Amino acid sequence: MELLLDIALLALLLITAISIAGIKDLLAAAMLAGIYGLLSAGFFMTMGAVDVAFTEAAVGAGISPLLIVLTLALCGRQQRGDRQRAMLALFLVLPVGALLIVATHDMPAFGAADAPAQMHVAPHYIQQSMAEIGIPNIVTSVLASYRGYDTFGEVVVIFTAGLGVLSLLMRSQGIDEPTVEPAPNAQSRDIVLRVIAKVLIAPIMLYALYVQFHGEYGPGGGFQAGVIFAVGFILYGLVFGLDAVRRVASHGLVQFLSAVGVLIYGSVGLLSLASGKSFLDYSALASNPVSGQHIGIIAIELGVGITVAAVMIMIFYLFAAQLRLQPRGPSLTPDHQGTDAGTAHLASQQQGAG
Amino acid sequence: MIDSLLSGISGLLLGLGCFFMLTGAIGVLRFPDFYTRMHAAGVTDTLATFLIITGLMLTAGWSLALFKLGLILLFIFFTSPTASHALARSAQHCELKLPEQSSASDPRSPTSTESPPPPAMPTETITTLERD
Amino acid sequence: MTAMLTATLIALLVVMALALARALLGPTIHDRILAVNMFGTKTVLLIAVICFTLGKPEFLDIALVYALINFVSVIGILRYFEFRSASAASESTAEVSNSND
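Protein chains in written order, with this note's numbering: chain A, 1 to 354; chain B, 1001 to 1132; chain C, 2001 to 2101.
Okay, derived cross-link-like pairs now, SDA-like style, lysine to any residue, Cα gap no bigger than 25 Å in a straight line:
#: 1; chain 1: C; residue 1: Lys2056; chain 2: A; residue 2: Gly134
#: 2; chain 1: C; residue 1: Lys2056; chain 2: B; residue 2: Gly1070
#: 3; chain 1: A; residue 1: Lys198; chain 2: B; residue 2: Gln1092
#: 4; chain 1: C; residue 1: Lys2056; chain 2: B; residue 2: Ser1004
#: 5; chain 1: B; residue 1: Lys1097; chain 2: A; residue 2: Ile23
#: 6; chain 1: C; residue 1: Lys2056; chain 2: A; residue 2: Pro136
#: 7; chain 1: C; residue 1: Lys2056; chain 2: A; residue 2: Gln128
#: 8; chain 1: A; residue 1: Lys24; chain 2: C; residue 2: Thr2028
#: 9; chain 1: C; residue 1: Lys2056; chain 2: A; residue 2: Gly48
#: 10; chain 1: C; residue 1: Lys2056; chain 2: B; residue 2: Gly1011
#: 11; chain 1: C; residue 1: Lys2056; chain 2: A; residue 2: Ala49
#: 12; chain 1: C; residue 1: Lys2056; chain 2: A; residue 2: Gln118
Here are some, though not all, of the chain B residues that point toward chain A, as calculated from beta-carbon distances under 8 Å:
#: 13; residue: Thr1082
#: 14; residue: His1085
#: 15; residue: Ala1086
#: 16; residue: Arg1089
No lab work stands behind these hints, which were simulated from the structure alone. Bear in mind that the values here come from a model prediction, so they are computed numbers and not experimental data. Ideal placement from N, C-alpha and C gives every residue a C-beta, glycine not left out.
Could you put the whole structure together from the sequences, leaning on the hints where they help?
In structure tokens:
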């Protein structure tokens, strides 16, 4: 039964991947990328990696196609074909791929019990996790406590990505201006959408909080919770317009929060240092080492959740503000006549994008 | 006794759900143009989901899983018809045409980059539709 | 019971394959979006049924997440098309007003 499931999911995955590579309409490719994310989530679930499936479902199938579609609204829908470079890339990729496949023959069999990866650290985690850390979800205990440095690096990477997008897309005159042209970013005129969005946003946020704090007992944790929380805001922004969502969570607040998350994480580490133990050793946080671990894990998951949510919302704000600055999208011709302010913006955008 | 009754009903619901799902998928593949495909997809999606999740709820017993399945049911009940509605509206925005009666095989379907800009005041058209 | 669950699983995989076929074939973008939406709902069901066959109902959270997030991308597409038609409309009215000046 599981074999059938695995084969079916992988076959569908392969077909989707080949079609994403082959298709010329980028909007269709974004939709197929959504399907790819869903299939990956299903496949991870059958392999037993539930936390990863969770994150893939939230990010790869929810946020990712959305951000790609926002980008396509700026860039244009058709892919420019380039035959020659494709040939060169093919000649490069095929030998490397073949070498990699040959190299896998030397690796131990998939899931073999005597593989080196399963022999040294993994049994320790599985056997000692409940005694040392005391939470049922071993993935969270490995992520947050045993491999806490790695997770700190991941949070900083997300923060840096947010910083990168910010520095590329932030223009001092564009972000905080009141709306010049209300039409492209006005709220959706559809009453059904508005009502349903209002009904759904609160459960989405509540669910994000549930996932955040339930991550120790079931699949979940800071990353997934942050993404779900951001999706709530993004839904509000999509349906009611960018200005409405910026009144709720202003750009400055979101920037500030993205740094606060990393700060919380680092502070927990520093607190452990100040108590005489090593960086991010949570047993220093309370008299009982196991409850110290609990406190530490809750604190850092909070930091992770805050940063991830804030960075996702910030990226959405920046992309959507780009749409406002360039109100006529890529179909305009260079000598298009617009209003004066519009022309100045457009000219700078053209030169920037050219 | 009640157990076997419950599992019998659950099996029946699952079977019905599968049937509707399959007919919906075949419809999506075989119908001639977008609007008819949307009938197949939208209606059978929600119905099949309803039946299958109710069937699963009957096997779950009184547990947290029952509550979570109930929540999933509620959310799909809200979002699936809304997604169909949103899709139909966006097709209307792009002026997706029904196929002509003479050429039944090829739906003439201008994409948004090809459609000519609406000639008269478009905002008027949209608000008129909204009031209907 | 497990026979019924297995049959549902197979039916779900078949439906997903058919939806994928429509996503690949669909002549217009809307057909593809329809197929993706259908695929998403079926994935929720697939995950729920897998949870029950594996016997671990705590994994239903993933299905719940996906049920919530599924339609956000469809809404995004709708706003994309609204945005494009609104900007095309404002482009044409701007052209009309400029040519009138």
